[in-house]
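Order-wise, the sequence lines are chains A and B.
Residue 113 in my numbering sits at position 113 of the first sequence; the count goes up by one each step and never skips.
Residue 39 in my numbering sits at position 39 of the second sequence; the count goes up by one each step and never skips.
Bear in mind the hints are in silico, worked out from the structure with no lab data behind them.
It is possible that part of the hints are untrue.
Said to hold, decoys possible - In silico lysine to aspartate or glutamate, DMTMM-like type, Cα no more than 25 Å apart, as pairs: (1) K151(A) to D3(B); (2) K151(A) to D164(B); (3) K151(A) to D40(B); (4) K152(B) to E123(B); (5) K151(A) to E20(B); (6) K152(B) to E133(B); (7) K152(B) to D164(B); (8) K152(B) to E138(B); (9) K152(B) to E142(B); (10) K151(A) to E123(B); (11) K152(B) to D134(B); (12) K151(A) to D43(B).
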Amino acid sequence: MNDEPNLSAEEMIERLAPMLSPRQRLRGIVALVSGSAGTICLASLWVTEPTALPGHTRFAFAAFILLCLAWAGYGGWVVARQTPLFALDRVIAAWITLTASITTSAIIIAVAADRGSGLIPALPAGAVLIAASAALVLRAHIRRAMLLRRKRELTGRDTP
Amino acid sequence: MTDELLVLRCQLGEPEALTELVRDWHIPVWNYVRGMLGADRADDVTQEIWLAVIRGLPRLRTPGRFAPWLFTIARRAVTDRLRQEYSVTEVCAQEEPVTEDAAGALVDRAGLVAALSGLPVREREVLVLFYLEDLTLEDCAEICAVPVGTVKSRLNRARRMLRDHLTEEGSKR
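The following block holds chain B by itself, in its conformation from the complex (with noise of 0.2 Å):
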């Protein structure tokens, strides 16, 4: 069935549909926002991304282009959610020292989900739409509410800085 079919029959109020969504989607969801928030705190965000979808469902005038359209509400509960730690980080930051999580990374069994949270917010975010949900490069720039081409140099850049990234902890084993 395609997604378009399921959120017509869910936009209808078929309760069965709705499962049906919530199992298809619940775990890309949430390997989206492990990839860009980590483990810990992916359940948490995983349902308020539900709740938001749920609520705006009714009011998707597209069904077919669902799926930019839960990423772009994933999106913002991750914004806000790092927003919120942002600014509790600042005032933290000021009485304590920041510990990286190297000890969690080395033991992850998937090594490049764990490399992912060494870089920055943007271009993490385009490679965990595009590689690990395989979202076009259209559909990624409709979430990220950016051009094509500015999608185009953040995987560039992602795909430089991930590299980086690797080699140098292969160099360091």
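Extracted from the complex, chain A is given alone in its bound form (with noise of 0.2 Å):
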């Protein structure tokens, strides 16, 4: 039986850096945020339509809608699963998030209004959208500035 293990520390480093790169982890919120805000632009410019689509259309819409989910449903696989986030990723993630809600709703409410059908669902929807990103912001600020506020008690100095 060894008494040292056959993997150094330094190795066991080298075997998680691919998941501790910044890049990686931000990947998966890059792809569930994208994926999200496609299927969401796709969906209302299709729902918004003001006549009937022929059929290659419509399959069109629909092949783009599932390629968007499939990017959305991997993002949110390699988010929950697979990759960590620290705090700093969060607040990069949810201010992502937020600029990707707004943009959404603005294509949203502007097709609406241009197209003059589906302005009523557009606006909550929009609202929603970026309220409930306003809050993941404000939760990964808070969150953060609760680890930094304790990290100064321990080490009883100030840090940036």
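Using the supplied hints, reconstruct the complex from the two chains, each of which is provided in its own coordinate frame.
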């Protein structure tokens, strides 16, 4: 029986490196947010079409929506099961989500206003989307501030 | 630096803190797994544990209680591995005889650690946590999800079994 591990701490850190890379961690968020935003935009375009669409156009819409849903699903799986999101990552992720929510809301409201249909559901949907994202931003900042405060208490000095 | 501060820095997303955390706790985790499963499986399971720890770290609400949390994850990984192996062993047992790895234990420099492998899992677990990892009775109880009194009785039983085992080995020689 060995007294020392075959894998040293440094080797273990190397094996964990892909999981700890910031790019890897934010990849899931980008996939989730862009997939969800794409799904909402395409669905709103389809729903607000003033006339009935031909079969192949409906098929194309459905295919693109499925593609966006697949990206959102992949992103959700990465975020929930694969990579950790630390406090700073959550702040960045929340801001990405808020930006995407504002853009998506602006698109669906503009489309609805332009076509003169669906403005009533588009406005509250956009508001809910933006409010939920803003809540995520707030929560991420509060959590990070709490951790920074505790860190200052433990170190007994100011940190940026 | 305290564990709490190190864990807080990890939760804030400081890469050097994560490196330091792995460096500080790699050997204790590996020792625990080796005590429970043996050296040949310790590296694989230790890696599984670290993956789970890194994934779960942002959600840890009490950074000051890092050690019990870490060993709870380690215990879960060890239990999963034992469960898998028992199910395989049950199938294999009908086909081939089980052989004792006595030779390996004899040549082991750490005789005590080798003797642990002869103990039942529950007793081995509390001995490893309490004596090899230097955790308190309360931490052992939290990790094993049992009351402190149960940990004490398991420790007593484990000590008695280990003593009997070592006495028996000594008389054979």
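Hint numbers not upheld by this structure, sorted from lowest to highest: Checked against the structure, the hints that fail are numbers 2, 3, 10 and 12, while the rest are satisfied.
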